[in-house]
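Number of protein chains: 6
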Amino acid sequence: MSSKLLVLLLIFSLNLRGCLVLASDPDPLQDFCIPNPLFGSIKTAHLSILPCKNSDEATTNDFVFSGLKSAGNFTDTGLATIPVNPTVFPGLNTLGMSFVRADLKVDGINPPHFHPRATEIAYVVQGRIYAGFVDSGNRVFARVIEQGEVMVFPRGLVHFLMNVGKTPATIFGSLNSQNPGNQKIPSAVFGSGINEELLQKAFGLSLKQIGTMKRRFNPKT
Amino acid sequence: MSSKLLVLLLIFSLNLRGCLVLASDPDPLQDFCIPNPLFGSIKTAHLSILPCKNSDEATTNDFVFSGLKSAGNFTDTGLATIPVNPTVFPGLNTLGMSFVRADLKVDGINPPHFHPRATEIAYVVQGRIYAGFVDSGNRVFARVIEQGEVMVFPRGLVHFLMNVGKTPATIFGSLNSQNPGNQKIPSAVFGSGINEELLQKAFGLSLKQIGTMKRRFNPKT
Amino acid sequence: MSSKLLVLLLIFSLNLRGCLVLASDPDPLQDFCIPNPLFGSIKTAHLSILPCKNSDEATTNDFVFSGLKSAGNFTDTGLATIPVNPTVFPGLNTLGMSFVRADLKVDGINPPHFHPRATEIAYVVQGRIYAGFVDSGNRVFARVIEQGEVMVFPRGLVHFLMNVGKTPATIFGSLNSQNPGNQKIPSAVFGSGINEELLQKAFGLSLKQIGTMKRRFNPKT
Amino acid sequence: MSSKLLVLLLIFSLNLRGCLVLASDPDPLQDFCIPNPLFGSIKTAHLSILPCKNSDEATTNDFVFSGLKSAGNFTDTGLATIPVNPTVFPGLNTLGMSFVRADLKVDGINPPHFHPRATEIAYVVQGRIYAGFVDSGNRVFARVIEQGEVMVFPRGLVHFLMNVGKTPATIFGSLNSQNPGNQKIPSAVFGSGINEELLQKAFGLSLKQIGTMKRRFNPKT
Amino acid sequence: MSSKLLVLLLIFSLNLRGCLVLASDPDPLQDFCIPNPLFGSIKTAHLSILPCKNSDEATTNDFVFSGLKSAGNFTDTGLATIPVNPTVFPGLNTLGMSFVRADLKVDGINPPHFHPRATEIAYVVQGRIYAGFVDSGNRVFARVIEQGEVMVFPRGLVHFLMNVGKTPATIFGSLNSQNPGNQKIPSAVFGSGINEELLQKAFGLSLKQIGTMKRRFNPKT
Amino acid sequence: MSSKLLVLLLIFSLNLRGCLVLASDPDPLQDFCIPNPLFGSIKTAHLSILPCKNSDEATTNDFVFSGLKSAGNFTDTGLATIPVNPTVFPGLNTLGMSFVRADLKVDGINPPHFHPRATEIAYVVQGRIYAGFVDSGNRVFARVIEQGEVMVFPRGLVHFLMNVGKTPATIFGSLNSQNPGNQKIPSAVFGSGINEELLQKAFGLSLKQIGTMKRRFNPKT
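Residue numbers (the numbering used here), protein chains in the order written: chain Y, 7 to 227; chain D, 7 to 227; chain S, 7 to 227; chain L, 7 to 227; chain E, 7 to 227; chain B, 7 to 227.
Some hints could be false.
A pair counts as met if it fits within one copy or between any two copies, since identical chains are not told apart.
Unchecked claim - Under the rule of at most 30 Å between Cα atoms (straight-line distance), these lysine-lysine pairs were calculated in the DSBU-like manner:
| # | residue 1 | residue 2 |
| --- | --- | --- |
| 1 | K111 | K226 |
| 2 | K75 | K220 |
| 3 | K226 | K190 |
| 4 | K172 | K226 |
| 5 | K172 | K75 |
| 6 | K190 | K214 |
| 7 | K226 | K75 |
| 8 | K111 | K207 |
| 9 | K214 | K75 |
| 10 | K207 | K172 |
Calculated directly from the structure, the hints in this document are not laboratory data.
Everything numeric in this text was worked out from a predicted model, so none of it was measured.
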């Protein structure tokens, strides 16, 4: 019988891992709220406000993040990002902010993408970057920004980066949501499995071209 | 001893059913949050943001609601409503919206009521309806609206409907809270058990009249 | 021509009196914002966040309200209220709070009413008061409260007061919106001009009874 | 000199047309706020909370919208939309909601797009529609929905529609922001003027293909 | 094995005590949410929105607080405060408000402090009090307030009180957060263990003076 | 007469400079809102959401800030800050974020201070810094952070910095309010003019010591 109990308990705690995903981003309701490690790791796409451990158990290290000292892993387009939110930096939980380090190889790009739940402030740590965003009226605001300059990408608008300098470039971006989300246009549109006829009509591409795009952005297809 | 444990566990999980009712309506903190069926059904008057299942387990059907194809059950005043919130349509959870189908028989009415936590947009699917609301200065804004027209009822203000056409009428209402609440004036005031002397003085009615009202709106009394 | 200008200017400034009614209640965006007297008095039903004067011109008196030292004017039901919001106490503007002094003669009542945009905390300064509210499930929560006790009325729910003591009673109520609004059920429903047939059906009253109610709550009819 | 004044005044009022664009979507601060027509028409891309006229001047018609009775103008992809926000329906101002009628010819599509500031609830008035959205993890949630069914598109996520029935289809969509915004992926990405080299790299297309896309989505180029 | 289970359960429930600390202060998502006593007492510094019991189990007494009838315990500076939040008054949970009774002996003071998450409205129940606050520009707004007067302290700004009358004084303060927080400047700065060299430089005090201050505000050092 | 008009207009526009200070920090209601330069410069202590120019007139440069390339002017404590908000970087207006560059000479400090309306994320651009904050329970969380590390200071809590390295240090801080405010404890408490007797009692200092402090933090006294 106690094994039945154990099973119940396990089911219960397993389900809690993906849950207790409540609440919203506005003002914190307490000084801080360090997620309780008991609840395990939460998948990125479903990150949220997490249950906290007792404030007595919080330590200074809960509020310091040291994982941005070097670049992350580079993609095919010469981009390496380290997005930092409460799953990797517990101290952020409930405080309404998150951040990211983005590195671009020479000629590397960060493809058009947007954050559904946050404005982003991009501070150029080093390098020369063509950066910009598009507004709801399809107008592009883009130019080259350099070390020490800051560009703002308004909440929910498509934006992009390209290293146009002769050295690697690094951006420190901060966002006003603890889980801003990220929709990368090429893979969200061509790599997610949207009906091909719809894509054909939407982009005026041939079925063959759509097929090529789908294979590029979702190799598993 | 393990039976004691079981009891503890049961108490614990039973209580969780009515709880984990936290948070508020503003911006979602994740793409979506499908409530975990493990937590059972939640009573309407206490509906709230619910713990979610893992996002991997979400399916397309979690985001589609098919229960509005025909009218609900009619009341004495010729009204049938199907209010839709996360208890019946899990995909709404954390997204800050809910909706309702309201049908009115010929001459039927939706009595004066208000939603404590939402503005409502009423779209006339069919019929001719006298619709309106009252503002804080006791001014009524009311007129007949017809198929294809839309009326807005500002957050928290008393509003009402009456079918003044020769055919049944249908409204699709949407509200900007996942749990807008609903206080129906006749039953909230006369059917809830407020002190009779207070009601007498408030409405200038006789004790007998108040008694009649109470029996009408709360037959159990 | 300059007189045309003057007219234009006057129209412009007159319209500004009722306008610049923007924004919402959440966090202030500055330390404070004392409304600019240039914009004149704003009607109560349309009160809102007002344009401010330069912070240099703010004085200590802008943040102190002295008009609650004695009771206001009593109504027929033995109630006197002094609602305090930014129109009479400029320092409240943008800060998300307002308050009210309510006095009740012996046997006096505050009829069922609700605030569309705020929770209320009622502190009994003196007296014995039967106080309560109704929830969305038509359940009443009411009892007698006495000097020094505090009752909370959740946002948007119908509530009421009756002096059941042998002396006058006084309440200090505070609300978490700078313009909570107030819908008094008797006058909002019977004194606002809602269609009589609808009211008949909603409350199960005769046309004659509705007529009596209308005359009571809107003598102008 | 008075002509100088006139010029000043004109500059001033002209500038006010594009301004007084303040505030945010949360709770209203008053019952309602009908925009003052004196401030003229506001451009769609910059719509916002507008200054109001005095509440005494509000009329019932300010709260009813009658412009959805028939479909709007169709685009090349067989789509006609009538987005309704405070610029065309003043009563919505400050109330945190807006809505849209979308008609699709047989085989018509609404290309992938998203609303940066709102969740959308889509109610099928008539027809059979393949509808769906993509989450932050590039997973698509799509299926056919029919008359009377409702699908929810979470805030800020890419979504799309295609009429897969044998008759025209109509959707009534409601959104929880008075100005949700709309980024249509094809034109925002290929028709806005983003650097061609960046687009080449992002989508793996040839310079020629990018050129074709740009001409399609921005014929002026 | 069942003892292992018990341990697990205990760990689990112990951790829940300090957790389920989620969400934020804005609009409630349900009529009310009475914290479930099962979750035990929560430490003040980490107070937050708590899981609720089923609404059926709520009673009128959950919404009335009777603990303010007499003053609390006095400190060395002649101050006694009874801060009331959901840990002691469950009915406040999720409703966005809390309150406090503060008593001052003759010549007593409430030292400079601030509430990180709320505006405060201070109503003088009895006495004469020198009260004020400092804005972001280091300007002080202070004067004597008397019985029946109300002063507002804007969110997050340093404020203070001193009884300048000849009798004890009492304040009823209400705040627009259920957990406003409180940083008392003397003990937060000198009693918390900030590096002494930093304090020396910040305040221009000698190491000896800093030592005296530290001993005064943190006797354990 | 037209001169009278001119005077009226001037009064009007002068007053607008310090006003139109409305609204709150939450979600933007439009893509962006570049403040209209017509409204002149706004004083820092009263910064707020500003009226915008027409979106057609927005340029890319409105969204890029170039003034952080070198340190600002140093104070006596070896600190130089460049706070950046909509008054100096118009593109931030309505987007809910602002930022700051802080430079510290060797041994320099940023005295205990707090931001009433924002959480801060501090990214170390160069140097070694002792950094920390105090929570509502007077517990200090402090340690040395180095180049590439990030520390978070929760909303409204007292925090501080000291350069403990052998080279100058630079911080890039970002905050989730467009006008976070800043109360510097030493000058807010001792340099603002709070009653001396109150300060004596609050800090346990002699009248002479208070006098010394006042002269240091407010030389004008």
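Verification of the hints:
For the homomeric pair K111 and K226, the shortest alpha-carbon distance inside one copy (27 Å) is at most 30 Å, but the shortest distance between copies (34 Å) is not. For a Cα distance limit of 30 Å, the shortest separation of K75 from K220 qualifies neither inside one copy, at 35 Å, nor across copies, at 36 Å. Both within a single protomer and between protomers do K226 and K190 lie at most 30 Å apart by alpha-carbon distance, with minima of 18 Å and 27 Å respectively. For the homomeric pair K172 and K226, neither the shortest alpha-carbon distance inside one copy (35 Å) nor that between copies (33 Å) is at most 30 Å.
Taking the shortest Cα distances, K172 and K75 sit within 30 Å of each other both inside one copy (22 Å) and across copies (20 Å). When the C-alpha separation of K190 and K214 is checked against a cutoff of 30 Å, the pair qualifies both within a copy, at 22 Å, and between copies, at 23 Å. Taking the shortest Cα distances, K226 and K75 never come within 30 Å of each other, neither inside one copy (33 Å) nor across copies (38 Å). Taking the closest pair of Cα atoms, K111 and K207 come within 30 Å of each other only across two copies (13 Å); inside a single copy the shortest separation is 35 Å, beyond that limit.
For the identical chains of this complex, K214 and K75 are neighbours neither inside a copy (43 Å) nor across copies (40 Å), given an alpha-carbon limit of 30 Å. Proximity of K207 and K172 under a CA criterion of 30 Å is satisfied inter-copy only: 18 Å between copies versus 40 Å inside one chain copy.
Going down the numbered hints, you'll see the structure goes against 2, 4, 7 and 9, while the others check out.
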